[in-house]
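Asker: Respectively, the protein sequence lines represent chains A and B. The numbering used here runs 13 ahead of the 1-based position in the first sequence. The numbering used here runs 5 ahead of the 1-based position in the second sequence.
No wet-lab data here; the hints were simulated from the structure. Note that this is a predicted model, so its numbers are computed, not measured. Here a beta-carbon is modelled for each residue, glycine too, at the ideal position from N, C-alpha and C. Worth double-checking, as some hints may not be accurate.
Unchecked claim - Short derived list, chain A residues pointing at chain B, Cβ under 10 Å: (1) Asp14; (2) Val17; (3) Asn20; (4) Pro22; (5) Leu47; (6) Gly56; (7) Thr58; (8) Phe59; (9) Ser62; (10) Thr76; (11) Cys103; (12) Ala104; (13) Ile108; (14) Ile117.
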Amino acid sequence: DQQVKQNSPSLSVQEGRISILNCDYTNSMFDYFLWYKKYPAEGPTFLISISSIKDKNEDGRFTVFLNKSAKHLSLHIVPSQPGDSAVYFCAARVIYGGSQGNLIFGKGTKLSVKP
Amino acid sequence: GAGVSQSPSNKVTEKGKDVELRCDPISGHTALYWYRQSLGQGLEFLIYFQGNSAPDKSGLPSDRFSAERTGGSVSTLTIQRTQQEDSAVYLCASSTGGFVEPQHFGDGTRLSIL
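Just chain B, with the same shape it has in the complex:
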């Protein structure tokens, strides 16, 4: 498709389990971002990939969170040993990498930890 694609759209899991969230960016976009939105909050930056450069992981809330981007395209966000406070909508965005190019978002994965 033409837009950013995220899967699954919804994920319910038990506390302590690991989860993987997938993002397929817009074709040709070199920059990829992960954000999360908790209830009643704005979007919180998690991690940023730009081309082949080392990712900016400064937003990851704990070492339970990790992400990778394979082949400069698809990205996977992994949360290990999930906690209830990890419940949120996880949003992926991509852009062309230009200085003033806007980020384009997918519809997110709604993660619920029981």
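Next up, chain A with everything else stripped away, as it sits in the complex:
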């Protein structure tokens, strides 16, 4: 049973427009969420995170939105650039007192930004 779901395996966007990548989760105990970006033959690179006490976190062109009631988060990239073309993974973690859980990953969404 997948606890973190990225239902769109791919997304194509024109350069300069907004890219919106979506992620749904089922475990209500998740309270920390991360987005990673992965180029071929490289490891995932951390992009941005959000804790469950917030509904938005922004870092430059990247904004993550969290809707806890819907168990949904999204990553917005604006404006999109060709160098953003990569696979984006959504990940979630349960943080419980005195411990640090492993990350649960979605299957990824391949973003293609066309010039």
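For chain A, the structure is supplied; the task is to place chain B on it using the hints.
Answerer: This is chain B only, laid out in the frame that chain A set:
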């Protein structure tokens, strides 16, 4: 180097052989994780080390898989009697161990079992 280092970057071996994969975490990072990514799948958690605590082995798929971390730094993931379904990219990550600190990944070892 400054990042997580994994070796080898690629490994091809015959079914039934044992393999060892190495991870050198970022200096000072107390938490170390192993994941694997099979074709078309997300990353699957394998094992987690935090300081001197007993490792969390809950993600290891079978008793053919084991890992150790010596001196709180370098880690080795060992797969015994490899099977074709073990073919995947094995990724190591480390973090400072803080509650909301992100994990930083190496570039992985691509393991192919013939």
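Asker: Next, verify each hint and record whether it holds.
Answerer: How the hints compare with the structure:
1. The restraint placing Asp14 (chain A) at the interface with chain B is violated, with a minimum CB-CB distance near 13 Å, outside the 10 Å limit.
2. At about 7 Å, the closest approach between the beta carbon of Val17 (chain A) and any beta carbon in chain B falls short of 10 Å, and the interface hint on this residue holds.
3. About 13 Å separates the beta-carbon of Asn20 (chain A) from the nearest beta-carbon of chain B, more than 10 Å, and the hint is not met.
4. Because the smallest distance between the Cβ of Pro22 (chain A) and any Cβ of chain B comes to about 9 Å, under 10 Å, the interface hint for this residue holds.
5. Here the hint on Leu47 (chain A) is kept, as its CB sits about 6 Å from the closest CB of chain B, short of 10 Å.
6. Of the supplied interface hints, the one on Gly56 (chain A) holds, with its beta-carbon coming within about 3 Å of a beta-carbon of chain B, less than 10 Å.
7. Interface restraint check: Thr58 (chain A) against chain B, minimum CB-CB distance 7 Å, threshold 10 Å, status holds.
8. Evaluation of the Phe59 (chain A) hint against chain B yields a held restraint, the C-beta minimum of about 4 Å falling below 10 Å.
9. A cut of 10 Å between beta carbons decides the hint on Ser62 (chain A): the least distance to chain B is about 6 Å, and the hint holds.
10. A distance limit of 10 Å between C-beta atoms decides the matter here; for Thr76 (chain A) the minimum to chain B is near 17 Å, and the interface restraint is violated.
11. Contact between Cys103 (chain A) and chain B, as hinted, is supported at the beta carbon level, the nearest pair being about 9 Å apart and thus within 10 Å.
12. Here the hint on Ala104 (chain A) is kept, as its CB sits about 8 Å from the closest CB of chain B, short of 10 Å.
13. Given the 10 Å rule on beta carbons, the hint for Ile108 (chain A) holds: about 5 Å separates it from the nearest Cβ of chain B.
14. At a threshold of 10 Å, the smallest CB-CB gap from Ile117 (chain A) to chain B is about 7 Å, leaving the interface hint in force.
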